[in-house]
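In case you want the letters, here they are:
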Amino acid sequence: MSLRRSVVDHGNSHVGAAIPTGTRVAPPSQEDLPGVLLRRQTKPVARSIPKARTGVEGLDEVTGGGLPAGRPTLVCGSAGCGKTLLALQFLVNGATRFGEPGVFMCFEETRRELAENARSLGYDLDRLERRKRLLVDYVRVERSEIDETGEYDLGGLFVRLGHAIDTLGAKRVVLDTIESLFSGFSNASILRAELRRLFRWLKDKGVTAVITGERGDGQLTRQGLEEYVSDCVILLDHRVDEQRSTRRLRIVKYRGSTHGTNEYPFLIDEDGINVMPITALRLEHPASRARVPTGVGALDQMLGGAGYFRGSSVLVSGTAGTGKTSLASHFAAAACGRGERCLYFAFEESPAQLQRNMRSIGVDLAPHVASGLLHFHASRATMYGLEMHLATIMKAVRDFAPDVVVVDPISIMSSAGTASEPMLLATRLVDFLKSQSITGLFTSLVVEGTGDPRSEVGISSLIDTWLLVRELEANGERNRGLYILKSRGMAHSNQIREFLLTSRGIRLRDVYVGPEGVLAGSSRVSQEARERAGALVARLEIERQTRQLLRRRRALEAQVLALRSEFAAEEDELQRRIAEARARQETLGKDLAAIAASRGDGAATPATASRRGSRARRRVEAGA
Amino acid sequence: MRPDVWRLRLYVADGSPKSHLALLNLQRLCEQHLAGRYKIEIVDLRNNPALARNDEIVAVPTLVRRLPSPIRKIVGDLSSDERTLVGLQLK
Chain A
1 MSLRRSVVDH
11 GNSHVGAAIP
21 TGTRVAPPSQ
31 EDLPGVLLRR
41 QTKPVARSIP
51 KARTGVEGLD
61 EVTGGGLPAG
71 RPTLVCGSAG
81 CGKTLLALQF
91 LVNGATRFGE
101 PGVFMCFEET
111 RRELAENARS
121 LGYDLDRLER
131 RKRLLVDYVR
141 VERSEIDETG
151 EYDLGGLFVR
161 LGHAIDTLGA
171 KRVVLDTIES
181 LFSGFSNASI
191 LRAELRRLFR
201 WLKDKGVTAV
211 ITGERGDGQL
221 TRQGLEEYVS
231 DCVILLDHRV
241 DEQRSTRRLR
251 IVKYRGSTHG
261 TNEYPFLIDE
271 DGINVMPITA
281 LRLEHPASRA
291 RVPTGVGALD
301 QMLGGAGYFR
311 GSSVLVSGTA
321 GTGKTSLASH
331 FAAAACGRGE
341 RCLYFAFEES
351 PAQLQRNMRS
361 IGVDLAPHVA
371 SGLLHFHASR
381 ATMYGLEMHL
391 ATIMKAVRDF
401 APDVVVVDPI
411 SIMSSAGTAS
421 EPMLLATRLV
431 DFLKSQSITG
441 LFTSLVVEGT
451 GDPRSEVGIS
461 SLIDTWLLVR
471 ELEANGERNR
481 GLYILKSRGM
491 AHSNQIREFL
501 LTSRGIRLRD
511 VYVGPEGVLA
521 GSSRVSQEAR
531 ERAGALVARL
541 EIERQTRQLL
551 RRRRALEAQV
561 LALRSEFAAE
571 EDELQRRIAE
581 ARARQETLGK
591 DLAAIAASRG
601 DGAATPATAS
611 RRGSRARRRV
621 EAGA
Chain B
1 MRPDVWRLRL
11 YVADGSPKSH
21 LALLNLQRLC
31 EQHLAGRYKI
41 EIVDLRNNPA
51 LARNDEIVAV
61 PTLVRRLPSP
71 IRKIVGDLSS
81 DERTLVGLQL
91 K
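Just so you know, the protein sequences line up as chains A and B, in that order.
Last residue of the first sequence? That's 624 in the numbering used here, and every number before it is there in order.
Last residue of the second sequence? That's 91 in the numbering used here, and every number before it is there in order.
Just chain A, with the same shape it has in the complex (with noise of 0.2 Å):
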């Protein structure tokens, strides 16, 4: 595919790899993509172990397609972490969505309290039992009810538990806290035989089963559960850092498959836990060919004619009020007016706010809104830590299903983290978009005097294409200057345009550059006054000269007619001499002959005739 294009600019720039003539580039299809993630994050399917998919939303990724089928794992953290809630996911998810009925074994709640939590992220409990989906056992055990006497083992728990599986054929258990009947019994030798040997009858049953733990100190749980849990053990934290809460997850272990070991960020909320999984620091993102318009047709011309690559980066800097989220509200407007679908993240202003302020420059976004095809999701930036702003993002992303997405600002995010945070958070959302084929336009605040934007927060280095917004300050005004500081991949304008925000939309206009540099605003209307007024001497001078020409053009032709008649009248003078001197000679030439004819001698020689016609025409000449 050849990048001939044809470029209406005095000037531009080529950056970014040129793909040579001929050469085509096969961008893997959709359904390609999760098959290609997953086969790189696990072995080989001959040596991965089967995995039992827990339906939490990004923790399947995150663990290369579930935790250990018929194995324990171990879910440990302190108090109000989540535990009891993936336990919960993991359990329905495994009865409605992948036809495994299961046994929950609550130490701490009762069926009630556990009913109403579950209630709340849409799960009826209740019906699920009656189903035989599912099958709820509260153990109850109370210290000063039972006194110790010898020795017992807890068989007890092993028969209900056992009923509990056999009745259901359940797939799948979970214990929740079974560290509670430490508390209930004295006897902790006995209880860490038992517990041993539950686990061992557990993977004997078959049965895939979730522990959880609470977070002890120094160790992982209070009881050394992991050390009889060794399969896979996942940790879950909770942190509030400057009054922000964050939540994360961590696979500390996970025996027989690779997995990622970092810590995710996750959510809570109306539809339980949310994990964000880093999938694409791979750079195994398709690129696009296709084109996305920008909403400002002099733009797209700047842009090689024909706007944004789909699924890249686009970033707007600027500083304050300069019109960026005027290009941003440009771009999303023309999205949806191709009915592409757009996610609008404001975190300064209220999406009525904007609304209103983009009508008076134009752009009316209420009926994408009422359509269903534009969608604000607005909060303040410093209201949530920055890995919860990236898990709301991701969130309402995936729960959208945008085409294009606006981020509007993305600098605000400093605010939210330490420094080096913002950077993160902006490398994981971008590549993010980008393994969804999402087109991200972000607008960043510059601040004024920095100079060199470059000096930014190394997100530029993400990005495809930089627009900058700059203040042109001369003659006492500030007008707006925009233009491309990088687009990678396509031929760009260099030239900086004057940026108008009018009643009718966004206008680019080209900029002047006098003897002054960059002229723009009033003065650029004195000096197009001043190039009108010079542009009319000029044409008028031509016209002068013009006319001059033809003057003298015309009088040369009028001399010549002169010359020609007065030649005219010459010739016809000497024509009428010439014509009387042949008549003339011609009469003497009959003359003679007929002096000749009179005398009888014979034809007369010239020269004879001559001699006589002298003295003939003397004689004739002297009698006329």
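To be clear, the hints were calculated from the coordinates, so they are not data collected in a lab.
Glycine included, each C-beta is placed from N, C-alpha and C at the ideal position.
One thing to keep in mind: the hints can contain errors.
Said to hold, decoys possible - Quick list of simulated restraints, FRET-style, between CB atoms:
1. B:28 to A:132: 38 to 48 Å
2. A:116 to B:46: 46 to 56 Å
3. A:269 to B:20: 54 to 64 Å
4. B:66 to A:132: 42 to 52 Å
5. B:40 to A:79: 42 to 52 Å
6. A:140 to B:40: 17 to 27 Å
7. B:47 to A:400: 33 to 43 Å
8. A:140 to B:28: 29 to 39 Å
To be verified - Computed, partial: chain B to chain A, Cβ under 8 Å:
9. 11
10. 53
11. 56
12. 60
13. 61
14. 64
15. 66
16. 69
17. 73
18. 80
Given chain A, work out where chain B should sit, using these hints.
Showing chain B alone in chain A's frame:
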């Protein structure tokens, strides 16, 4: 049945020595302290698994004093007479 008859239920779940020991100890103590006014019931949870959940049995052997109320639970093979009697409130 006389109202002051003790009703004792021993839950077992296997034929282990612990269970036998518990039974033997129980019978001995009952003869010693409750002669003629006790009734021992043996529940093998292997045959009656649903009762484990209904009666909230976790450990075995578990001895439950059902009458007189309140219900008392004693877990173990009852090898300590002292503790057993205290638990049954016979001491």
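Verification of the hints:
Our hint of 38 to 48 Å for residue 28 of chain B and residue 132 of chain A holds, since their Cβ atoms are close to 45 Å apart. Roughly 35 Å separates the CB atoms of residue 116 of chain A and residue 46 of chain B, a value that falls outside the hinted 46 to 56 Å. Between residue 269 of chain A and residue 20 of chain B the C-beta distance comes to about 55 Å, which sits within the given range of 54 to 64 Å. The hint said 42 to 52 Å for the Cβ distance between residue 66 of chain B and residue 132 of chain A, and at roughly 31 Å that hint is violated.
Taking the beta carbon of each, residue 40 of chain B and residue 79 of chain A are about 43 Å apart, inside 42 to 52 Å as hinted. One distance hint, 17 to 27 Å for the beta-carbon pair residue 140 of chain A and residue 40 of chain B, holds here, with the actual separation near 25 Å. Taken as a hint, the range 33 to 43 Å is violated for the pair residue 47 of chain B and residue 400 of chain A, whose Cβ atoms sit roughly 57 Å apart. In this structure the supplied range 29 to 39 Å holds for residue 140 of chain A paired with residue 28 of chain B, their Cβ-Cβ distance being about 31 Å.
Of the supplied interface hints, the one on residue 11 of chain B holds, with its beta-carbon coming within about 7 Å of a beta-carbon of chain A, less than 8 Å. For the restraint placing residue 53 of chain B at the interface with chain A, the shortest Cβ-Cβ distance is roughly 5 Å, inside the 8 Å limit, so the hint holds. With a cut of 8 Å, the hint placing residue 56 of chain B at the interface with chain A holds, because the nearest CB-to-CB distance is about 5 Å. A cut of 8 Å between beta carbons decides the hint on residue 60 of chain B: the least distance to chain A is about 4 Å, and the hint holds.
Residue-level restraint check for residue 61 of chain B holds (minimum Cβ-Cβ distance to chain A is 6 Å; threshold 8 Å). Annotation: interface hint on residue 64 of chain B violated; nearest CB of chain A at approximately 10 Å, more than 8 Å. Taking 8 Å as the C-beta contact cut-off toward chain A, the hint placing residue 66 of chain B at the interface is violated, the least distance being around 13 Å. Hint status for residue 69 of chain B: violated, given a least beta-carbon distance of 13 Å to chain A, over 8 Å.
At its closest, the beta carbon of residue 73 of chain B sits 5 Å from a beta carbon of chain A; the interface hint therefore holds under the 8 Å criterion. Hint status for residue 80 of chain B: holds, given a least beta-carbon distance of 4 Å to chain A, under 8 Å.
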